[in-house]
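4 protein chains.
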Amino acid sequence: MSGSVFGEIFRISTFGESHGSGVGVVIDGCPAGIELDESVIQYELERRRPGQSELSTPRDEEDRAEILSGVFEGRTTGTPIAVLVRNKNHKSGDYGAIKNLFRPGHADYTYYKKYGIRDYRGGGRASARETIGRVASGAVAKRFLAGLGVDIFAHVIQVGDVKADNFDRSYIEQNPVRTADEKAFPLMERLIMDAKKEGDSVGAVIEMRAAGVPAGLGEPVFDRMNARLAYAVMSMPAVKGVEFGAGFAAASMKGSAMNDEITPGGFLSNNSGGTLGGITTGQDIVMRFVIKPTSSILVPKKTVNIKGEPAEIVTKGRHDPCLAPRAVPVAEAMAALVIADMALIHRARSGGC
Amino acid sequence: MSGSVFGEIFRISTFGESHGSGVGVVIDGCPAGIELDESVIQYELERRRPGQSELSTPRDEEDRAEILSGVFEGRTTGTPIAVLVRNKNHKSGDYGAIKNLFRPGHADYTYYKKYGIRDYRGGGRASARETIGRVASGAVAKRFLAGLGVDIFAHVIQVGDVKADNFDRSYIEQNPVRTADEKAFPLMERLIMDAKKEGDSVGAVIEMRAAGVPAGLGEPVFDRMNARLAYAVMSMPAVKGVEFGAGFAAASMKGSAMNDEITPGGFLSNNSGGTLGGITTGQDIVMRFVIKPTSSILVPKKTVNIKGEPAEIVTKGRHDPCLAPRAVPVAEAMAALVIADMALIHRARSGGC
Amino acid sequence: MSGSVFGEIFRISTFGESHGSGVGVVIDGCPAGIELDESVIQYELERRRPGQSELSTPRDEEDRAEILSGVFEGRTTGTPIAVLVRNKNHKSGDYGAIKNLFRPGHADYTYYKKYGIRDYRGGGRASARETIGRVASGAVAKRFLAGLGVDIFAHVIQVGDVKADNFDRSYIEQNPVRTADEKAFPLMERLIMDAKKEGDSVGAVIEMRAAGVPAGLGEPVFDRMNARLAYAVMSMPAVKGVEFGAGFAAASMKGSAMNDEITPGGFLSNNSGGTLGGITTGQDIVMRFVIKPTSSILVPKKTVNIKGEPAEIVTKGRHDPCLAPRAVPVAEAMAALVIADMALIHRARSGGC
Amino acid sequence: MSGSVFGEIFRISTFGESHGSGVGVVIDGCPAGIELDESVIQYELERRRPGQSELSTPRDEEDRAEILSGVFEGRTTGTPIAVLVRNKNHKSGDYGAIKNLFRPGHADYTYYKKYGIRDYRGGGRASARETIGRVASGAVAKRFLAGLGVDIFAHVIQVGDVKADNFDRSYIEQNPVRTADEKAFPLMERLIMDAKKEGDSVGAVIEMRAAGVPAGLGEPVFDRMNARLAYAVMSMPAVKGVEFGAGFAAASMKGSAMNDEITPGGFLSNNSGGTLGGITTGQDIVMRFVIKPTSSILVPKKTVNIKGEPAEIVTKGRHDPCLAPRAVPVAEAMAALVIADMALIHRARSGGC
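Chains as they are written, first to last, in the working numbering: chain A, 66 to 418; chain B, 66 to 418; chain C, 66 to 418; chain D, 66 to 418.
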């Protein structure tokens, strides 16, 4: 793993900037024989793309996936699967005004410090458009995991101060916030639309659940399943924290309340979030993570230009006032990539001769 | 990275169980020419070892570090540095009673599911004794980073419901809780001692700060500095969540409050926690993580034996009622390992010809 | 490294089959600021492509490289560089006759055994067309290395029993065999044309030289420069052996003849081939490797079909009777990838604080 | 893989210098449940150790292996297996005379260039003593492979100009040269003893065979089985070349002779050396490699000191006049490590859901 390569066995290499000629991914290590065509990938890309509702930026790209290799007669061959999505709607002119300014909250400043280059075209590699490669490869990982009986989904459980209390899985894909709580939805939606009107943005919390994960996945001591998932989700843009099971609430708990009792019928609770010692228990993996409010806002802010001189900035253009709804499929993709990889690593490392 | 190997350039491979003949680490990729002797490692091991106060288990091992290789005439040679700490105080007899039971909250169940083996000797590889290899190698990473001007420390900011409000760095190593808040200390101590008397345990939150980290470290898009740190700290025993800067509070924030403004004199706030786009800004890295209450408690709990039959269990023996004080040096070690690695990777990947 | 990923810091991920929609590569870890455009890559692809002379197959594809990402305003940005070459001349109909037969000397049999899939379209991933990704990324590595003063080239030193005795570097690219010996060229050419007429093929030996490599590159004990180069060149199709410096002749030498003496003016000989203990000496790296005769021949041979039944086969179609001339740029690419990677790794691992 | 870490799943990390306090290895990724105790490792170390006959240096160390972790009740647990061998016979005084001189043919010069450190104690990390970690871990890999039916052995097929013509496997361990040719043995022995008397040394060729390797191992396109084996064997001290099957002789062959025909009963020849397209065929893997003559000789040679001033040097002390006999178990170990790793990787990457 390094830079834009992720995973050990089910290994991806993503590429592409917001304003280059395309973005995509190469998947190396996907087993042979899995049914795959472009529609599997396209389905997830549609869930990620902008312009799905008035809650998100209207950048209306097709984001059409092309499989370049690794599939023959509708099945994976075991060789690298390359997926390309062309960039069609560059409009780099939109960004000219802030060409020499570092947008607060964005990676402009740090990319410049790191690489000595100011790719001012909409964030370059730091653009959320980079996540297309993740979602495309995650779609393949999901397909692989479906064969193992693993079911992964995510949903928005908090927007600003509004928290979801109810859970109706079927509702998630029926509302543009992607919450599972029909009552919380209008409140969440209003918060987002209000922020939009103010030229501001709002943060959120997403929960990811993986059901059907076999017990025994995760490689101590460093490659715990939860450690890998935390790594994966923290590598997504705008994520500032992650927790499992009881999470931060565990600080206030006693061991007598925290420990999940075991019975012949299974565990009696899931404070652990699906792992013990970093190895899956067979219970659901439950992970939550926080997405900061979108950095691109119309509220004026202090910054400096590339010469270090003071300036004021507002970030015009098309931006989601809340990143969470479109981060849902990205989180699912990252979880799928990790679980697929850990399943394959376990297959390699377990068993004797 | 896989299993017990961690890091890409500054790479460690740890080994050892609680009741084998020794634990330790091999460090590959530490640059040559760094001053090092056993006292550097021993200093950190002393901070980690049990029996430092009545808050922790009295298991009074010497935990004496021996450098087996990689150091010549007081300096690192660039070749692998192996460190061995012998296990002296096995007392595996203590564990006989629960030989065939899975302790709730422990990794007994999952190790058995994964490996098909029941190493009942005090947790085997899942014992916290495993962290000696982390601390020993972290001491070397800290020494390397000191030469770059990086200063890493951690402290306990919450025990149960008691939160630290004040910060006095010099106080951290003067109290057995390792909090920086002199007023909170007695309350935290009382919570821990009360839990101990009840045969119970209590959770906590630790904050890690790294100052002096140069801007530009972190490798997008996956190997963000914060993603690697999250990975590292989530790989520690008993950690259930991690956050950076504003963390989970960012869910309730507006972008206009979250974005750290930039001036010619620097950033005006640090909600980002020291990274933007996963690359260090030059500000302090600020990370917090939660440690669950110790799983070993005297309160009776339901469990099953390796045949799947129901049983009741209490975990006798020597256990810290709160893991946080001794987790402080482990967290510092993990942070040091990540930052050293990212500094070396950046050195490799940056710059042109 | 695994499967189709190669390198640690300067890391490539190649993809594509002979009869899919495209082949290419993603380069992750190339430093920022290197001048690069498609012509740099195209130049090397032209040297690799079929149809350059009557010595090679007339498959006359354009093999036009498109850079999809990682380059901005003519320079690398430090982010992944993706290169795509479309397949235009599929003609998979040519292969229908041998659809269910395993061609002797080819990877048909082993791919089927490994993946359970028979991709009969011209070798699939095992086709030499796969090397386009190597050559494209090698062109970038060469460009990077040129900035360090490293100069890499290869030439054919043996075809069948004809060995080159003279060396004129400027002659290499002036003859279709790519030998540096003007006298040997017509003999080599005749051997190849004779084999072609017979429907047969012939083997060869190539020498690769890298000049200007700084002393100190290579990471003991496993990642010796020569070990990595051997790995790289043995990963090319049809290579059956590799040697450095004195090579296999060292078996018959005494230490008193083998040891390269050192003087204040430098080494007096180069039996070592440019490394000692796997670390570069600053002398030229000298590597030779053997390419087996092309497996696709018109001479009838025994084989079996996918049911295991006996059959006889001839391999019609377009094939180079000698693979060496087109393997020259591939070998240069692989050497460049290794040396660039080792230079970057050394940069990371060397130096103290 | 990097530096002293080798392998992807069956991954080793070796450590130790000739004159430090110990050498050894940590194995991460060995499956659980394999029978293992110290005698398995000790057996191979005895084959590697000096002083087995008058053909080798009399350095008579015990080289006693201690397993520090990863084994419980006689079986591997799936956790890291650490093996330590103490250095007992330092005699670093022997090396004082050449403290500031670079020994020709040795890695003294390049280590100094790389690390800026002159560890004059018998080669430091570049000493052949480093191979103990390889042999110890290779013994575990062999044990794992035995369970898969894989049988690995090596033997000396050439010393100086004397080549073996006959093959009697049972004879290999009955003669100190480790040749399988009883007739060639006395000639080989005489060459070595003559070189010893002259204070000189002699080169050799070793053949490694692996039988019973299942078809399908090896990961195209880079991690071909033969590429990994070449990498492994070229990482051994003093190796200058490696070939498979027909090897360099393939340069003079026609395709019609080279291609191994396939019949329902199997392949009719093994010019490929056991792989096609880098994937095992199920035939024996046949690899040969050349070992240069020992660099430590009594014949005076020109060199420079660390100031760059001219000097003359002879290398006294205890040295094998031919490295090959003791390199046999090292080669077997490296082959076993590669094949075990490739078997586990294949297990991970193959198969569908």
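Among the clues, some could well be false.
Simulated restraints, written as ranges between beta carbons of each label pair [what the hints assert, rightly or not]: (1) A/Gly-214 with D/Asn-231: 50 to 60 Å; (2) D/Arg-383 with C/Pro-279: 28 to 38 Å; (3) C/Ile-371 with A/Tyr-108: 32 to 42 Å; (4) A/Gly-212 with D/Gly-330: 33 to 43 Å; (5) B/Arg-234 with D/Tyr-108: 35 to 45 Å; (6) D/Gly-277 with A/Leu-213: 24 to 34 Å; (7) A/Tyr-108 with C/Lys-164: 29 to 39 Å; (8) B/Gly-373 with A/Gly-212: 42 to 52 Å.
What the hints contain is simulated information worked out from the structure, not anything from laboratory work.
Built from N, CA and C at the ideal position, the CB exists for glycine as well.
Each hint tested on the structure:
no. : hint                                 : in the structure
1   : A/Gly-214 with D/Asn-231: 50 to 60 Å : 58 Å, holds
2   : D/Arg-383 with C/Pro-279: 28 to 38 Å : 34 Å, holds
3   : C/Ile-371 with A/Tyr-108: 32 to 42 Å : 34 Å, holds
4   : A/Gly-212 with D/Gly-330: 33 to 43 Å : 36 Å, holds
5   : B/Arg-234 with D/Tyr-108: 35 to 45 Å : 55 Å, violated
6   : D/Gly-277 with A/Leu-213: 24 to 34 Å : 31 Å, holds
7   : A/Tyr-108 with C/Lys-164: 29 to 39 Å : 33 Å, holds
8   : B/Gly-373 with A/Gly-212: 42 to 52 Å : 28 Å, violated
Taken one by one, the earlier hints fail for this structure at numbers 5 and 8, listed in ascending order.
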